[in-house]
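Undergrad: Residue numbers (our numbering), protein chains in the order written: chain A, 1 to 187; chain B, 1 to 394; chain C, 1 to 90.
These aren't lab readings, by the way, just hints derived from the structure by calculation. C-beta: ideal position from N, C-alpha, C; glycine also. Where hints are given, some of them may not hold.
Stated by the list, open to error - What follows is a list of derived Cβ distance ranges for each label pair:
| # | chain 1 | residue 1 | chain 2 | residue 2 | range |
| --- | --- | --- | --- | --- | --- |
| 1 | A | G86 | B | G211 | 32 to 38 Å |
| 2 | B | E193 | C | Y24 | 36 to 42 Å |
| 3 | B | G211 | A | D82 | 23 to 29 Å |
| 4 | A | G166 | B | G47 | 48 to 54 Å |
| 5 | C | G5 | B | F363 | 26 to 32 Å |
| 6 | B | K231 | C | S28 | 39 to 45 Å |
| 7 | C | E38 | B | F220 | 27 to 33 Å |
| 8 | B | E183 | A | D82 | 45 to 51 Å |
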Amino acid sequence: MIEIRWHGRGGQGAKTASQFIAEAALGAGKYIQAFPEYGPERAGAPIRCFTRIADKPITVHSPVTNPYAVVVIDPTLLDSIDVIEGLIEDGVLLVNSAKAPKVIREKLKLKKGKVATVDATKISLETLGIPMPNTPMLGALLRVKDVVSMDILISQVKNKFLKKIGAEKTDANIDGIKRAYQETEIG
Amino acid sequence: MAKITPLTGDQAVAEAMRQIDPDVVAAYPITPQTEIVMTFSQFVADGKVKTEFIPVESEHSAMSACVGSAAAGARTMTATSANGLALMWEIVYIAASMRLPIVMPVVNRALSGPINIHCDHSDSMGARDSGWIQMYAENGQEAYEDTILAIRIAERKDILLPVMVCQDGFITSHSVEGVELLEDKLVKDFIREYKPCMPTLLDTDKPVTYGPLDLQDFYFEHKRQQSEAMKNAMATIPKVMDEFNRTFGKSCNIIEEYKMDGAEVGIIVMSSTAGTAKVVVDELREQGLKVGLIRPRLFRPFPAQKIIDAISGLKAVAVLDRAESFSNCGGPLFNDIRAVMYNSEKKPLMLNYIFGLGGRDIFPKDIADVYKKLFKIVSANRAEESINYIGVRE
Amino acid sequence: MNKKGWKEIPIGGLIDEAGSAKKYNTGSWRTFKPVVDESKCINCLQCWIYCPDSSVVVKGQKMVGFDYDHCKGCGICASICPVKCIKMEK
């Protein structure tokens, strides 16, 4: 079972991303769970969401405590939240940041696992024209762990977005995902 | 073919309601039930159901409208949580005593105060003596199935009692999981076309009176009838579940026994926490420890004999309650289990744990600690403090 | 009177026939009974409006007497009558 914890701020699409990747995995025949940690939701407040993906039915219904992957959608959270709490030994920390993985690793004094960075906000601005880094972060996640194949993720984007936002914006989202996959640095 | 759809527990229940297509839904939104009403009212707006949706001004009105509608012979549903259920209170009892087969999903949430929107069972546990049948679902899939089952159970001539279909607020109600939705037509066939068993309020050819004054001379007889209906429910619900299982290839039961073969100690817990406990049982079994789990899916009527059969051979049992009764004698589930075991010749040592109040998380480690404690009291052959708390700060 | 047991009565407190209250002869509660002096009665039907037990009998828009099976003898008719043509008697 792969467990992922997402850190974002209310309104940045962390919950949507956590569900999106789970739904893509469900489409690929996996068992899934995606749930946010509900508090008093306000735009801008730090939030956490969780995704579980497994080959067997998932019965556990407690929050993820030892994630394989931590995805930080807003880099400013690195200063206020212990994002690496419980990260497993060979886990991955994926951060939306223009900085090199080494810089993040030093900042957090992280010795274990892998660190990956991608400037998802820049990619989002250049592809979509708005700062919505959550979809590019899905591409970056696939780069660090093939939780689903790129083809499945892209067909999921088409399924979900085409009717809602039209072909042009859907393609922009797919571009963003592909660019993030390419531009992710791992260290 | 049934298909697997990513849905929250709330959405799964709304899908069941869409398939049931009740004649009337009168409901008021309250967290964490809101998504049920929101999703269902969208189905109404989109013409996917023929339901008359009554957006009432309070839960008291919601249940009052349901009582009127059900007495008029309409298949009737509502849904609520916590303070909403509390505001319905007097009509909740009236619905049961007027023998109206209303089905109400309840998304379990702590009943204030201090105000809290997260999961515990204090809301529906308070209504355990109201005369409603209560089912508790482990996940969204079960909440969906229970909602369909509840229609058949409530409307049976030998039962005619309203049913609450409970699931854990946020934990399952707002968690997306793959839910296997049954085919619309098969669900419709299973629940059948609604034919009220009692004369209805709007039948002008045979006028009747619902809800008259009922004093010392007949009230007790009507209560005795309700007890009888609950006895019938105990006998009949397994049969309805069998039919459901045969029709849809499922394995519903009024209690679930998980890895109880050869178990020495066991935990009894309802709803989503049972799922978390299963992970612990699997781990401990791999270590060779003889542990098992029992999960009542039906709480009212109480599956007494099944519980006796399941646990009387154990050495020790822990009952986990997601509600406090403030009796100093343990939580509501513990009280019922300890009471039914009085009639059993063999009695395991028994502990009670209160957990998860106001949405306090419970982790596999907490449950593993309970099993550890059970083995400890088995070797000491003595249960010390019978009432304990998980996850509260001292 | 032997009252029926729980198995014999409709469930839920349902009363499964209309107008069954008529079977209850509340007239047996009466101590004083109303008697009308028809020569003084102006047929204003105030008594019919006010009678709490629907025991004032009206035929062809005329007050013709009382239903003594159900009249409890409360005296409201005598009290309300504007020409005082109803007397309460033993």
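Undergrad: Go through the numbered hints given earlier and state which of them the structure violates, listing their numbers in rising order.
TA: As far as the earlier hints go, 1, 3, 4, 5 and 7 are violated by this structure, in ascending order.
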